[in-house]
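Engineer: Once you've looked at the hints, dock chain B against the given chain A.
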Amino acid sequence: MKFGVVVFPGSNCDHDAFYAASANAGQQAEYIWHDSPSIANDIDCVILPGGFSYGDYLRCGAIAKFSPVMAAIKKFASAGGPVLGVCNGFQILTESGLLPGALLRNTQLSFVCKNVRLQVATTDSPFTCEMTKGSTVTFPVAHGEGCYTADQRTLDQLEAEDRIAFRYLDNPNGSARNIAGILSEGRNVLGMMPHPERVCDPLMGSVEGLALFQSLIASVPALSSSSSK
Amino acid sequence: MSSITPDLIARNRLTQSEYDKIVSLLGREPSPTELGIFGVMWSEHCSYKSSKIHLKKLPTRSKLVLQGPGENAGIIDIGGGYCIAFKIESHNHPSFIEPFQGAATGVGGILRDIFTMGARPIAVMDALRFGSLDAPRTKSIVKGVVSGISHYGNCFGVPTIGGETVFEPCYNGNPLVNVFALGVAKHGDIFYGRATGIGNPVIYVGAKTGRDGIQGASMASEEFNAESSSKRPNVQVGDPFMEKLLLEACLEAMKTGAIVGIQDMGAAGLTCSTCEMGSRAETGVEIDLKYVPQRETGMTAYEMMLSESQERMLLVAEKGREDEVFAVFKKWGLDAVTIGTVTDDGLLRVKHNGEVMAELSNRALADEAPIYDRPHNAKPYRANAPFDAPDFAPSADVQADLIRLLGSPDLCSKRWIWEQYDHTVRTNTVQGPGSDAAIVRIKETGTSVAMSLDGNGRYCLLDPREGVKLIIAECCRNLSVVGAEPVAATNNLNFGNPERPEIMAQLVEAVEGMSEACTFFETPITGGNVSLYNETLGEGIFPSPVMGIVGLLPTAVPVPMEFPKAGLQVLLIGGLRIDENLQRFGGTQYAKNILNTIWGLPPALDMDYEKRVQTAIREIARAGVAASAHDLGDGGLGVALAECSFGGVGAKIELNANVRADLLLFAESPSRVIVATSDAKAVQAIAQKHGVECLRLGETMRERLQIRNGASTLVDASIAELKCPWSTALESSLAS
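Those sequence lines, one after another, are chains A and B. For the first sequence, this note's numbering gives the first residue as 226, with consecutive numbering after it. For the second sequence, this note's numbering gives the first residue as 38, with consecutive numbering after it.
Keep in mind the hints are simulated off the structure, nothing from the lab. Check each hint, because a few of them may be wrong.
[Said to hold, decoys possible] Derived SDA-like pairs: lysine to any residue, alpha-carbon spacing no greater than 25 Å straight-line:
#1 B:K368 - A:H259
#2 B:K367 - B:D226
#3 B:K292 - B:L95
#4 B:K223 - A:A254
#5 B:K223 - A:A248
#6 A:K339 - B:T634
So here's chain A without its partners, still in its complex pose (with noise of 0.2 Å):
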């Protein structure tokens, strides 16, 4: 299959999302410049990677929400296709309505960069089928604003429909109700501020993250099969 990852001037983590795609996982990967205005035919999944979009000195992702890229990145999503946010990425997926909620200050005022323990939440969506429910993954976090936030009927109705993907078993920014990454509506948009991408390669300690990238690949045919992208 083949990942296009998206670059804002201020990414940082897409040579890292590339490199775990292409060299860890063992499939195609482009990137995407921030102002195409659409997405590629043969573009299976898109990750939007982590870093300061536009320097995200205002709200993180706030600027970046107006970028061409992104009206491209909803259509791309509205037929289904699969859009992976991590840490940035998930920041953006917020503040353009892809997902609900928004991610505030850490609780501790101070940028967190940590291996964090999670708990695999669901196992129904594209980017956790491979995983088992209930497990626990350790993935790296490090970010500023990370602490996960929405009205009680919100995170009330994301509990009820199975969105919530993985769960901080020691929340490390504050987050409500320990969610540490979301699932859209549809289960094709996931947001998450852990980074499955740094734990991909035994060099870095763990090949955790590779399970997400092998659910992708597992369910990426059944998906284009049963959408019109």
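Structural biologist: Just chain B, lined up with the frame of chain A:
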């Protein structure tokens, strides 16, 4: 009618004799703008006028060194068609005045030095020195500096993978922020700061010029006094997003082949970049300030030439190919403007509003600054440290001492600091902060680079020459423990006022010791930084040279520092080496934290033995026979054994040494490494081959650390008991 008054000369921080030299070089009186340009270029910070004659004593060559000192960064060959560029630089003075921006722009400055050369930065480390934690401003300086580094490095997208942090009252009014950065480039893709090709356009790229940071270089060249806080406007403000754009745009523009030379605008901004590029290429540079992108109105030529606005670069392109360069910068949304041309007259000519405001020889500015052989015929300053050991009773409770040491500011965990730094971005971090040496893999070559940053102001106060040698030995040992071969070094010389002979003597001793050790350990100096005048109200810092040494190694899962499981043999490569001469105990962390004093001399170093220990441990690590390895440094054997236990597996150690328990556990003798192994025979055989002692200390076991010497139990503690003060000390003292 002369416009140059003695007052104006003094305000540009030039002496009368320096002014006289300017007049004789020019054959006329300088204009006020020209005087300002000389003032910054001949500042200590830019000209190295007090240190230059001594820096010449340093070894700078080896078969791996592709670029030594004198460029923006040093470069060494790592094989496979690739090389690494690295350097360390200080931002001490700005970080005292405005800790957040001072530290942030310190990171920005060194990153530009790396990517100016065509290398993409892949790692940053920091050596930080703060005052005592109970001094009034220390906590806010620590928080400001750490968040400044975090802010800049994280946004830029470079992992901050290690460093070291020390607290000492001598830094109360003068913290040190030394930032090391390393980047990787392909052979043949290296760029230099040279304005070659007469008629080529000189192009300004990046952020607009403002009034910030004017005369920052001169500020960094004087002592602090009570009015220093009024210098806040001299500290620049950093924009890491702009730097990221500049990085990507520069690397992409370099690929067009249209760029012939490039240099960042760091200290002394537009002035330094123009005249240094011209001087290196033996050309002239003519610029017209009306083309310089400005974010303030009504700036004078003086202000524009001396501004230290951040995130700016100067480049020289091939004539006729400007549009290729402009297209790349436009793509990244950056200003790129031709502001002048390369000329054949060797002069820096600055026009403003149709008038020539300065016309000076590039050589005179960049290379003909006065060189001082400052008097150093005094004993190096030792503050109040006596030579003789005080009469101190052998410790009655070394376990309590160990717990206190583990929770002391220098030895406790620095997790609170490094968790605020993104240390895994770029997915190259094979070993990150909190280990003996950091390791990044180089994806392009399939090999790895290890790096270690170290300094020890206490050792250097007691003996600058031997102190520096110990620092270099420690860096090389750190690298060897992870299996890396040390190959090159960068240095940051942080000292007080060089006009005081007893301070100058420290500098000279340190440089000579450095020369000897770097030659011996085959780690030539490829560049670095000198930061003098680190004094506040006449009180100088300890002599604080910081070394950054890099090593090469095959890519592999690293040997951990912590004991991985119970039942392994614990060996001490190098042997106990306890020096019973109490004079050698006065620089230790024990003397600092338990006895609250300092005396005597640093630990004795046998460089030849040290090198053999390093060769042995490197071979042990690479042979895969070590289950864990950790070198002994500050805090000695006791602290190192505790650190090895913090993964949850401790050890039962049985010593049989006829020596005081406090010396046994806390002497800081070099040339020692703890190894845990299931194959003691193989480890012993390697040690023996290199003529190095290999002492069996005991065996790893679950959950406790027990240390016995003969019949007496020195330590018998649960790991939690030892680890708790170590892991919480820094955070709780910053919170209180």
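Engineer: Hint compliance check: list the failing hint numbers for this structure, sorted ascending.
Structural biologist: 3 and 6
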